[in-house]
Amino acid sequence: MPQFDIATFSAQIFWLFVIFAVLYFLMSKIALPKVGEVLERRQKTIEDNLGKARALKDETDAAIAKYEAALAEARDAAQADIREASEKAAAEQAKKTEALVKKLSKKTSDAEKAIADAKTDALTGVAEAASEIAREATEKLIGVKVQAKTADKAVSAIVGE
Amino acid sequence: MAGPLEQFEIKPLAELSLGGIDISFTNSALWMVFAAVLVTCFMTLSMRRGALVPGRWQGAAEVMYEFVANMLKDNVGSAGRKYFPFIFTLFMFVMFGNLLGMIPHSFTFTSHIAVNFALALVIFIGVTIIGFMRHGTHYLRMFFPEGAPIATAIILVPIEIISYFSRPFSLAIRLFANMTVGHIMLKVIGGFVGLIGILGVLPFALLTGITVLEFGIAALQAYVFTILTCIYLHDAIHMH
Chain W
1 MPQFDIATFS AQIFWLFVIF AVLYFLMSKI ALPKVGEVLE RRQKTIEDNL GKARALKDET
61 DAAIAKYEAA LAEARDAAQA DIREASEKAA AEQAKKTEAL VKKLSKKTSD AEKAIADAKT
121 DALTGVAEAA SEIAREATEK LIGVKVQAKT ADKAVSAIVG E
Chain B
1 MAGPLEQFEI KPLAELSLGG IDISFTNSAL WMVFAAVLVT CFMTLSMRRG ALVPGRWQGA
61 AEVMYEFVAN MLKDNVGSAG RKYFPFIFTL FMFVMFGNLL GMIPHSFTFT SHIAVNFALA
121 LVIFIGVTII GFMRHGTHYL RMFFPEGAPI ATAIILVPIE IISYFSRPFS LAIRLFANMT
181 VGHIMLKVIG GFVGLIGILG VLPFALLTGI TVLEFGIAAL QAYVFTILTC IYLHDAIHMH
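Taken in sequence, the protein lines are chains W and B. With the first letter of the first sequence counted as 1, position 79 gets the number 79 in UniProt numbering; the numbers rise by one all the way through. With the first letter of the second sequence counted as 1, position 138 gets the number 138 in UniProt numbering; the numbers rise by one all the way through.
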């Protein structure tokens, strides 16, 4: 087997060390630092971009918060205005209603008084007429002259019943 | 027809010697150069633009980088960070060596015990030095676990010593055996295809399947070699 031919060992090992050493030098001084640098740069770029994105997001969040605060403030102000206006309108309305109610109730009471007066007058008239009729009827029927006072008393007693 | 072992033969391409020691540039060295050049081209050309959004080649190079980096981080932790270039070179060199060996008529330098054992020995010695540098003589506690009854030392210490010193052997032989056996199998089964006429489709189908499997093994054995190195490094840095 050629692998066990000791005569060839020195040449194999010599060139192995030479070539391996050269390759080690090329890798450690030239090839690997370049790869490492590229990988590091990529990592840094990614991190930078992530950082930038995060900063922009923070900025956006702040702007949104500001906008929302402004919106809420405007809404509150508008609602206060609406409340004030509606309260004013309600107060005015209440005043008008009160005045109207007063006016109407005065009219009603005036009318009631007029009705009551008319009723009293009418009742008085009716009682007088009844007593006169009663007196005349009594005289014509039985020839007795009844005193007006007595007739009034009798009529009012019947009406009062 | 060439025998199944011929593919492993070391052929000098240029005879060289240094102080009486043979250091000829062989086919093994040539394929190591190919592997090193391919790894270098892959890792530098694909990263040339260094784009923020990687293309296919850059993505592949980054995947390799992150794969090894994660392997090291998961197994050794942040203390292993400074050994990353070594671990990365080791993984890429072994994996490209294994994969280049899948090219017909190529040479698989990782199928040679001398190469694997030299790598494993460097790792073993390096890891042991790191262990003693970090822990001083306390590193000898590796051979006797904390909290074990003192009476068990007579059994535990020899076992631990043997297991510690067998690390470079297991590391080297595992890779050597996997690569060698796979390539012999491909060659032998490949030999049957032509020999038995129309029935040759059967070994050919088998060969196809085994080729796929061998590609998997090429990558897997590089991974195993590297992850075991990481585990040894973890032991040296954190002890048990």
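Read the hints as simulated data drawn from the structure, not as lab findings. In this text, all values refer to a predicted model and were calculated from it rather than measured experimentally. There may be inaccurate statements among the hints.
[As the list claims (entries may be wrong)] Lysine to aspartate or glutamate pairs mimicking EDC-like chemistry, simulated, CA-CA at most 16 Å apart: (1) Lys-11(B) x Asp-235(B); (2) Lys-11(B) x Asp-5(W); (3) Lys-34(W) x Asp-235(B); (4) Lys-34(W) x Glu-66(B); (5) Lys-82(B) x Glu-66(B).
[Unchecked claim] To list a few chain W residues with every Cβ distance to chain B over 10 Å, as calculated: (6) Ala-7; (7) Val-22; (8) Lys-34; (9) Arg-41; (10) Arg-42; (11) Ala-65; (12) Ala-70; (13) Leu-71; (14) Asp-76; (15) Ala-94; (16) Val-146; (17) Thr-150.
Using N, Cα and C, we set each Cβ at its ideal position, and we do this for glycine too.
**Request:** Would you assess whether Arg-41(W), listed as outside the interface, keeps its beta-carbon beyond 10 Å of every beta-carbon in chain B?
**Result:** It is violated; Arg-41(W) is separated from chain B by about 7 Å at its closest Cβ, not greater than 10 Å.
**Message:** Confirm or reject: Ala-94(W) is not an interface residue toward chain B, with every Cβ-Cβ distance exceeding 10 Å.
**Reply:** holds, 77 Å
**Message:** Minimum C-beta separation from Ala-7(W) to chain B exceeding 10 Å: can you confirm that?
**Reply:** Given that some Cβ of chain B is not farther than 10 Å from that of Ala-7(W), nearest at about 7 Å, it is violated.
**Request:** Could you check that no beta carbon of chain B comes within 10 Å of the beta carbon of Arg-42(W)?
**Result:** violated, 6 Å
**Asked** Regarding the pair Lys-11(B) and Asp-5(W), is the alpha-carbon distance no greater than 16 Å?
**Response** Given pair Lys-11(B), Asp-5(W) holds - Cα atoms ~12 Å apart, limit 16 Å.
**Prompt:** Are all beta-carbon distances from Thr-150(W) to chain B longer than 10 Å?
**Reply:** holds, 135 Å
**Given pair status - Glu-66(B), Lys-82(B), alpha carbons within 16 Å** = holds, 15 Å
**Request:** Take a quick look at Ala-65(W) and tell me if its Cβ sits farther than 10 Å from every Cβ on chain B, holds or violated.
**Result:** Nearest chain B Cβ is 35 Å from Ala-65(W), so the label holds.
**Request:** Taking the shortest Cβ-to-Cβ distance between Asp-76(W) and chain B, state whether it exceeds 10 Å.
**Result:** holds, 51 Å
**Request:** Quickly compare the C-alpha distance for Lys-34(W) and Glu-66(B) to 16 Å and report which way the hint goes.
**Result:** Given that 16 Å is the threshold and the Cα spacing comes to 13 Å, the pair holds.
**Item:** Given as non-interface: Leu-71(W), which should sit over 10 Å from chain B by C-beta
**Value:** holds, 42 Å
**Item:** No chain B beta carbon within 10 Å of Val-22(W)'s
**Value:** violated, 6 Å
Of the numbered hints listed earlier, those contradicted by the structure are 1, 3, 6, 7, 8, 9 and 10.
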